[in-house]
Amino acid sequence: MTSMSTESLPQPAPAGEISGAAAARPYLDHFVRSMAGAGAPAWLRTRREQAMRHFSTLGFPTQRQEGWRHTSLAPIVQSEFALAVEAAWTPAFSAALARLPLAGLAAPRAVLLNGRFAPAASQLEALPAGVSVTPLARAWRDNAAAESYWAKLATGERHGLIALNTALAEDGLLVEVAPGIEADQPLLLVYASAGGGTPASGGSPVAQFPRALILAGRSSRLAVIEVFLTLSGGAHFTNAVTEIRLDENAEVDHYKIAHESLSALHFGAVEAQLERDARYRTSSILLGGRLVRNETGARLAGAGAETRLLGLYVASGRQHMDNFTRLDHAHPHGASREYYKGILDGESVGVFSGRIIVRPGAQRTDAIQSNKNLLLSETASLRAAEPQLEIYADDVRCTHGATVGQLDAEALFYLRTRGLDADAARRLLTYAFANEILAQVAVTSLRQTLEKELFARWSGQPDSAPSPA
Amino acid sequence: MLEIDNLHARAEEREILRGINLRLKAGEVHAIMGPNGSGKSTLAQVLAGRETYTVTGGSVRYLGRDLLEMKPEERAREGLFLAFQYPVEIPGVSNMYFLRAALNAARKQQGLEELDAADFLTRVRDKIRLLGMEDSLLQRSVNEGFSGGEKKRNEIFQMAVLEPKLAVLDETDSGLDIDALKVVAQGVNALRGRERGILLVTHYQRLLNYIIPDFVHVLSNGRIVRSGGKELALELEEKGYGWLETAAVA
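Residue numbers (the numbering used here), protein chains in the order written: chain A, 7 to 475; chain B, -10 to 239.
Incorrect hints may have been included.
Interface residues of chain B toward chain A, partial, derived using beta-carbon atoms under 7 Å [claimed, not checked]:
no. : residue
1   : Glu62
2   : Val77
3   : Val82
4   : Ala95
Think about it this way: if two alpha-carbon atoms lie no more than 20 Å apart in a straight line, the pair counts; the simulated EDC-like pairs of lysine to aspartate or glutamate are [stated by the list, open to error]:
no. : chain 1 : residue 1 : chain 2 : residue 2
5   : B       : Lys60     : A       : Asp427
6   : B       : Lys97     : A       : Asp427
7   : B       : Lys60     : A       : Asp429
8   : A       : Lys458    : B       : Asp105
9   : B       : Lys140    : A       : Glu416
Hints were generated in silico from the structure; no laboratory data involved.
Virtual Cβ for every residue (Gly too), placed ideally from N, Cα, C.
In isolation and in its complexed conformation, chain B is listed as follows (with noise of 0.2 Å):
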């Protein structure tokens, strides 16, 4: 579904990503993991096609095509989610037009027809349950006034609407309470299916405990440095990031 080979990337001067391999296939759940700075938000942002980083060698595939090639808004039609580790604020647009926005643009692009209202509406019913949120949300604006964890939450929640092939999720679980981080967990797992793939980048070996990774990969300064088993989560939380930095350089 993925195929990540010697990516390199830059924002302005500073070279970021120094040569990313990474295979994931539908049904597949991987996790990155890395101490602060290692590239773990670029990757995620350099395969959601964000302009500031210049991809300056390696290629990605995305089920048979050239990631790379596309813009963003295609990449999003295609199946392809980010959830963002900051997620903007937009005053002015009911989170109701621009979930039905976007479900409607890959509803489009799969030829099928477009939702109205009504059928939007009966159709994220159950979804704005299963990630304990009200229906009032969907007449607030895009994550406007919404605290971290609300948005963070109403990222899932457009996850579990859009219902995307591959989900990359960028340090969604950061600054959650554990509650929050079950819930968020739980609209996680609601999506695992065999022909979705799931992609999460996290800073913490907690999120792991209730998402429970096939893979896990240890990103240091711009190339993974060791993957292995949901195992290699729990030996982190105990050493550490520094054994494998050491490890890196030398």
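So that you can see chain A by itself, here it is in the shape it has in the complex (with noise of 0.2 Å):
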């Protein structure tokens, strides 16, 4: 198939009030627009047309759907965004870049604008030996392995959102990590948003559709950050879509922050599958977006494989933050271990769903999965599923707990009897629940500048942060 035509395409199913026919419209207009005379291989331009249509049967996740009961995608469905601007790295990106921590962490980065990549932006000539890192655009020409792994974990097919991320992702990220390379050092993803509301849009926010694909070889060892940051233009849609492969014995320790501008809407999905022996730890950091719905799955697909999920939102004013889990236990003897916490502000508010599968004759799972929630106002709230726990074997040990609290009277009074006032007691004691998941963060120098961020949030202090060693 080398063209298609919007009438070849089934129409989007009404799928309810907020995701009729006409929000999925412009979506395929321009998919249209964006294939004709593309030069892409043959391959790549199947997969993108079966999104779209996955996309146009789907259309976008609406309420009465699993799984989204809490989130309305309306500040997106009903939104017109200029799809895909085009924007020039400039030095006055650099400098706002400059000024966010989070991108200065001292690793080789590679920087995706409104998701494409970005040479400018990118310090990529000291990746470790063995560790590569190809723009997708690329690599879909030229990298075999783009087209055996690209679009295979994460489809789209049943999900309206992943669809339409595989049909409009123009370029994004292939890294490689060889067979037992143990990379030395952090690798930095930043995805940037720029743009939107100006000239370049015609005015409107821009939506972007970054996406990444991370294989790491047998045995391979490799940390990797994904940053998402806003540089302009502070409204936008950001669906990105990140792919994991570990292969046996591969152990990769994968960070989302998500840090974009309070009116922001951010959906992402970050798909992971663990062969034999695999070691997979991701952390899930939600600080920015008005509306956030972050997605971790991961499938244990080869015996002993292992994987923690850490997930921590801090959410104020009226920032929604929805995260979802999806734990697919494949084989047995695989662990894992789910720590989410939440801090609600203002009127925020959190959303936690994990689901927990594990499919007949993966005996010896051992699964723990754990939500907790701060709340510092009487009118943030959480809204946590029941735990969807689907066990179809019967050697298993799988537990579950969720709290939401507030801060501790006994904590504060003993904090106040030390000289605290009571505003300083409160702000530590929010920090020092954050702690708890920050104190997992591996890579020091990430940890610090999240430990510093964090606590310059709560306390207005820029100083030293209290974590224990």
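Build the complex from these two chains, which are given one at a time in their own frames, with help from the hints.
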């Protein structure tokens, strides 16, 4: 298939009040335009067209759909976005980036601007030997691994937003770690948005569809940090999908930090697959964005694989942060640990739902899930779904727990009897609550940056953070 | 230094302190003893400003000021220290940060310059040794995973660093073995001085073998039913609290 018209696509299903055909139309139109005359390889065109079909059928998720009850995508569905605004990297962006501590971590970095690789801002000379980073736009053309693995874990077959990303991602990053390579420094992937609300975008906010594929070879090791930032034009829609494959005995320490503007709309999916004995740790730290839906999925596809999911979501004002996790145990002796913590202030809303699937034959699975929330105001709320456990094996340990609470009155009094005023005591305890997650960030420079950032947020002091060693 | 007059306090609907009178002068060590439920800990907590208790009558003056009007943190900054019976664990906050924040809050109040991490360390090193603790304690979370004895020791360490004018120790000796008790006593004795007052709340006479009080008071049913010198503690050890409780009711 070399060309495709809107007519040949099925029309979007009438999926309720917020995701009708009208909402999907601009994306379809854009898709048709972007495919016309594109020099993409046939396999890629096929995959994208399939994805666009899925999106046309599924549309945007609605609140009537399982796993979406507490989150309305109306702000996305009802907005018009400028799609794929090409912004040139400018010195002003460099300056803006330099002011953001998370972007300043000492590490080789690849920067995407509105979903496209920005060579001027990237620093990839010092990549560890055996680690390569290739813009997807190039890898799609000449890297067999891209054809083998891209959009295989996250296809969008059952998920309209992942389908949309798959159809519309025009670039992204392919990260490869060769077998046996233990990267001695972390890799930083920066996803920056810019140019919304300017003449370049016709005055509309921009939508971007960043995409990454990370392939960790057999017995390799890598720490990778994905940071999402807004450089200009506050409001934008980010739809980001990251796929991570861990080959046998590989180890990946992955961080996703969503730190976009307070008017940004963010959907993200991080899908990982672990082969035998692989070890995968992922941390989702949500700090920015008006509406954030972050999905973290891991499939333990080989015996003895281990995964740990950490999450920290910090919301205030009218922020809405929805965390969705899915752990799929498909083989025996798998272990998963899931610790999510939320700190909710103002009128913010936090959502947590965690699914654990233990497939037939996945004996001796050991899964622990915990979600703890701190409400700092009477108007903030947490909406937690009942834990969704689907267990089809009989020799399994699965534990879960969820709490919602306020700051400990006993601890507040203790701090006050030591001379801290009530406000300072509250802020310190809030920080301490977050610290349980931060303390597990293994990349020291990242941990320190986050500690500083969060401590400053609550204390107003840019001073050293009070974390224990 | 501390003048308590006819102090009444209740927790919810229950009256716990029913007219406490006590005078403590700078340089003195007072011990308050009494059976469980007599109101000892309530008195200590009310002095520190615990909001779960309501003062329903009487007054407390501290260094000439109305103590009950002051917030807990103001009391602390003015040199009042409470060593907790059950020190609170604060995971995620290092002892070092916690103590430095506490010390700097007091220093700010006194118009002194705040200490940076290096100055602070120099200042606390010898106090750590005094309490027989490891330097690494400073890097650990406040009381997290500490044994009962370590928590109590940490309270005395905080006291040693903060150098309060009036220290109230709420059953700091409870649950300590004899070696830990000696260390705690040593910390308290090191703090004794002409300008300081110490109020020891204890259930056991044993502590008073190591910290010799100037006065002993017996609290029963929310009132001080007997006051005397250090010999009173020995008498109590011999006879128990029963005879005093009977006397109080009569």
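Evaluation of the provided hints:
1. Glu62: 5 Å, holds
2. Val77: At 4 Å from the nearest chain A Cβ, Val77 of chain B passes the 7 Å test, so the hint holds.
3. Val82: 5 Å, holds
4. Ala95: Since chain A brings a Cβ to about 5 Å from Ala95 of chain B, closer than 7 Å, the hint holds.
5. B:Lys60 - A:Asp427: 9 Å, holds
6. B:Lys97 - A:Asp427: Holds, at roughly 12 Å.
7. B:Lys60 - A:Asp429: Roughly 13 Å separates the two Cα atoms, so the pair holds.
8. A:Lys458 - B:Asp105: 17 Å, holds
9. B:Lys140 - A:Glu416: Given pair Lys140 of chain B, Glu416 of chain A holds - Cα atoms ~15 Å apart, limit 20 Å.
The structure meets every hint from the earlier list without exception.
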